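Those sequence lines, one after another, are chains E and B.
Under our numbering, the first residue of the first sequence carries the number 105, and numbering increases by one thereafter.
Under our numbering, the first residue of the second sequence carries the number 10, and numbering increases by one thereafter.
I should point out that these hints are in silico values taken from the structure, not numbers from a laboratory.
It cannot be assumed that every hint is accurate.
Examples of chain B residues lying across from chain E (beta carbon under 8 Å, computed) [claimed, not checked]: (1) 46; (2) 47; (3) 53; (4) 59; (5) 72; (6) 104; (7) 109; (8) 112; (9) 158; (10) 160.
Predicted model only: the values in this text are computed from it and were never measured.
Think of the CB as a built atom: it goes at the ideal place given N, C-alpha and C, for glycine as much as any other residue.
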Amino acid sequence: MNLLNANMTLRRFTHFDAFRCSKVFKKAVFIALMPLLCVNSTLADDAKDNTNIVTDLDYGLVLFHYFQGQHQAALTQLAIIESERDIKHLGVSPELVKGGMSLSYGLYDEANAIFDRVLASDSSREVKSDAWFGSGKLQYLEGNWQGASQAFERAGNAVSIENKDDFFYFKAQLALKENDIERYNNFKSNITPENEFHGYLSHNYLLNKIKAKALTIDDLQVPQIGNDPQSNALADRSYLAMGYAFIERGNHNAAIHAFKKIGLDSYLIEPALLGYGWALNNEGQYGQAKNLFSRLARGRDLNTYVQESILANANTSKLLGDIKDSLQILAGGLVKFEQQKNHLLSMQQQLIKGSDCYRAVVLLQSDMTCDKEGNSFNDLALIALISDSQFSASRQQLQQVNELNREFKQKLEKLMTFEGMLKEKQQVTQARLEHIDIVQLEAKIDAFKAQRKSLVERINVAKSESNSAFFLPQTQLNQHNKIKATLAKLDQLQHSNKKVVSLAQRLDLINRTFLWQSDYNYAANVNKTLEEIKTLDFALNALTAIFQRFSQHVAQVTNINREMTKIADLRLTITLQRQHSQRIAARIEQDFYTQLSAYFTERHRVLDHNIREAKLAMIQMQDASFKQSQQALLPKQASPQTGKP
Amino acid sequence: MKLILIAVLCLLCAGHVEAQTSPSINKEIQALKRQVIALNRDLFILEEDLLFPTNTQIAVYVSMDIGHFFELDSIELLVDGVNVTHYLYTQKQISSLKKGGIQRLHMGNVSQGKHEVTAILRGVGPNKRDYKIGTTGNFNKDKKALSIELKISDSINKEQPTFELVKR
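Bound-form chain E, shown alone:
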C-alpha cells in the first residue's frame, strides 16, 4: 500500500462518503496502524552502509541478501557455509551481521546468544557497542524495558552512525516510560531533525501528558514534521486526544480549538465532529452544535459515534425547546437502532473465519475485497480493534505462520521433484546399462593391461640382449625378413648347382649393410619404442580413470538409497512442521474469533444502552409534556373552589 493510495482514501473522505469495507477500510486501518508500523520498520531496516572487503564469495552472497533485507535467504546461505567450513571475511563482524539478521528475521533466541557471544569476545569497542544496541533492541521488543535501558546505557556513544537515530529513538521512548522528560528531550534532540520518529515521539509525549492530566493550552500546537498523509494522520490523532482531554477537564473552548485543527478528510472525523458538538453544546452554542450533530447523524453507517450523535441531537433540540423535533429524532433513531441490531448480526455472520470479508477486514489481505451490499465495517471501534497493537502483532504472527506453511508446502513439492529426478536418472542409467556389459568392459581393460605388461617384459629382454632387430620399425623388419627369405632361396638354388653365387654375395652384402644400419639406429629405435610405451601407458591410465568414474557414477545413480533416505527424512520433517504450523494458525485464529465476538457483544451492549436511553428520554419528555398539559388544565379545575377563572 503506497502513499498515493492513502491519499486517494483521504480524498474520498472529504465528501463524507459512506466508508465501505473494502480497500477504503484497509487504508483506514493502515493509517491507524502507522505508529506501530513505524516501530517495526525501523527494526527491520538494518542495512549497513559499510563497504566490506569480501574475500569469501559465498559470504558475499550472504551480504547481498542481507543488504536487501532478505533475511531468510541470507540466513540460509550462512547455514550452508557454516555446514561446510569457516567464513573467510574481513570487515563488519560476521557474528554481528548474523545477530542483526536473526533479530530482523524474528529469531530472538539466536540473536540473543550471538550478542552475548560478541560481548564476551575481545571484539573492538564499536562492534561491542553495536552488539549492546542489538541486545537492547531485542529486550525492548520483548517488553523488558529495564533490560533494554541497561543495554542501551552500556552501548555508550560508540554505536555506529546508521544505528544512531534508532538508538536515540528507543532511549527517548524509554525515558518517556520513566517519565523523565529532561532525558527524553535530550535523546530526542539527537535524532536527525527530518526523521519521522519525532512525530511519533511527540504524540507519545502528548499522551503521557494527558494521562498525567498535565495538558496545557500551549500543547495545542502539535509539531508536524511533514505534510504527508502519515504525518497528518498522526497530528489528527494528537488533536483528537487533546480535544477529549480538554472536554473532560471542562475547558470546552480549548477543546473546540483542538477539534477545529482536525482535517475534514481525516479518518477520525466522526469522533472529532461529535466532540466538537459536545464542546459547543457545553458552551451553550446549541444551534451550531445541532448542525454538527445533524450532519453526523445522517451518516450511512450507524457506528457508536453516529448513534451517540442521534441522542445528542435530540438532547440539543430539547435544550432549544423543540420537544417535538426531539421526539421525532428519537423515534427515528429507535427505528435505526433496531435495524442496526440486525445489521450487526449480519456483519458477525460475514466475518466468519475463512470468508472473503474476514480475510479482507480482519486479516487485511490485499487481494481480498468485501464489497457485498450493505457492508459497513468502517466502525472506528472495529478499526481500533484490528489496528490494536496486540491484534496487529497476532495478525503478523498469523501471516508469518501462513507464510511458513506455504514455504513448507513448496519445499514438499520441490522434494517430490527431486525424488522424481533421482528415480528418472536411475531408470535412464539402468536402461543404458542394458546395452553395456561392464564386466566385459572391465575384462577387456584388464586384457589390455596384461598385453602391455607382456610387451614391456619382451622389450626389457630385447634391451638386455641388445637385440637390435627387435626394435626395428615394421617396414625395415619386413625388408629384413624379405632379405633372409631370399638368402634362404639362393641357398637352395646353390644346392641345386645353379649359378647364383654373385647374387648371393650381393644379397649378403645388402644384409650386412642392413644389420650395420640397424645397429647404428639401435638407440634411436629403443627410445622411440619406449616413447610409444609411454603414450600407451597414458592412454591406458586415461581409459582406466574414465572407467572408474563411469563405474562410480553407475554405482551412485543406481544406488540412490542414501538420497532417498534423506528425502524421506526431510519429507517427514516438513509434514510434521506443516501440521505444527497449522495448529499454531488455528490457535491464533481462535483468539481472533474471541476478540471479534467480544467486539460484537460490546456493540450490542452499547446499542441496547442507547435504545434504553432513547426510550427513557422519550418517556421523560412525554411525561414532562403530559405534566405540563395537566398543569395547564389545573387552574380550570381549581376555579370553582377559588372562584377564579
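Based on these hints, arrange chain B on the given structure of chain E.
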C-alpha cells in the same frame, strides 16, 4: 458521553503501546523459522548435488568495488558463445553490491576442459553517458567446481570503470 470518552482514549492510546505478542507462540514460530532455514539448507545442498555436481559445476559471481564511474543496468552472460543469462538490476541490488554484497549471477554445468566466458555489461558510465562493454575470459574446468568472479571496479587514475573475469 463517558463511554465515548473511554472509547476515544482507547483508540488513541493504541499507537502508544508497543506490540507484545504471546511468548509461547513466538517461541513456536521461532522454532518453525529455524526449521525452515535448516530445510532450505538441506534442500539447497541436495539440489546442488543433483543439478550441479562439482565435476560439471560452473558459477559466475558479480562483485562491485566503489562503483563511482559505472552505474550498472544489466549483464548478459555467455558461456562458450551461448547466452545463459540476461539480468536486469534493481536499485536495491546495486546498492547491495556497492556495500560489499556479491551476487551469484549464474550457476550451470559445463564439461571438463577449456571454456570461454563472456560478460556484456550495460549501464551509465563516466559523464553520465550510456556505457556498454564486454569482457571475456578463458577458463579450464577440471573435476572441482569452477567459480568465476566478474569484478567491477573503478580505476581512479583513468577515471574509468574496469571489468575483469577472475577464476576464484
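Evaluation of the provided hints:
The closest approach between the C-beta of residue 46 (chain B) and any C-beta of chain E is roughly 5 Å, which is under the 8 Å cut-off, so the hint is satisfied. Given hint, residue 47 (chain B) at the interface with chain E, holds; its Cβ is 7 Å from that chain's nearest Cβ, closer than 8 Å. Given the 8 Å rule on beta carbons, the hint for residue 53 (chain B) holds: about 6 Å separates it from the nearest Cβ of chain E. Nearest Cβ of chain E to the Cβ of residue 59 (chain B): about 6 Å, under the 8 Å cut. The hint holds.
Restraint check, residue 72 (chain B) versus chain E: the minimum CB separation of about 6 Å is within 8 Å; hint holds. Proximity of residue 104 (chain B) to chain E holds as hinted, the smallest CB-CB distance being about 7 Å (cut-off 8 Å). Hint status for residue 109 (chain B) relative to chain E: holds, with the closest Cβ pair at about 3 Å, below 8 Å. With 8 Å as the threshold, the beta carbon of residue 112 (chain B) comes within range of chain E, its nearest partner Cβ sitting at about 5 Å, so the hint holds.
Interface hint status for residue 158 (chain B): upheld, as the beta-carbon distance to the closest one in chain E is roughly 6 Å, under 8 Å. Hint on residue 160 (chain B) is violated. Least Cβ distance to chain E is approximately 11 Å, over the 8 Å limit.
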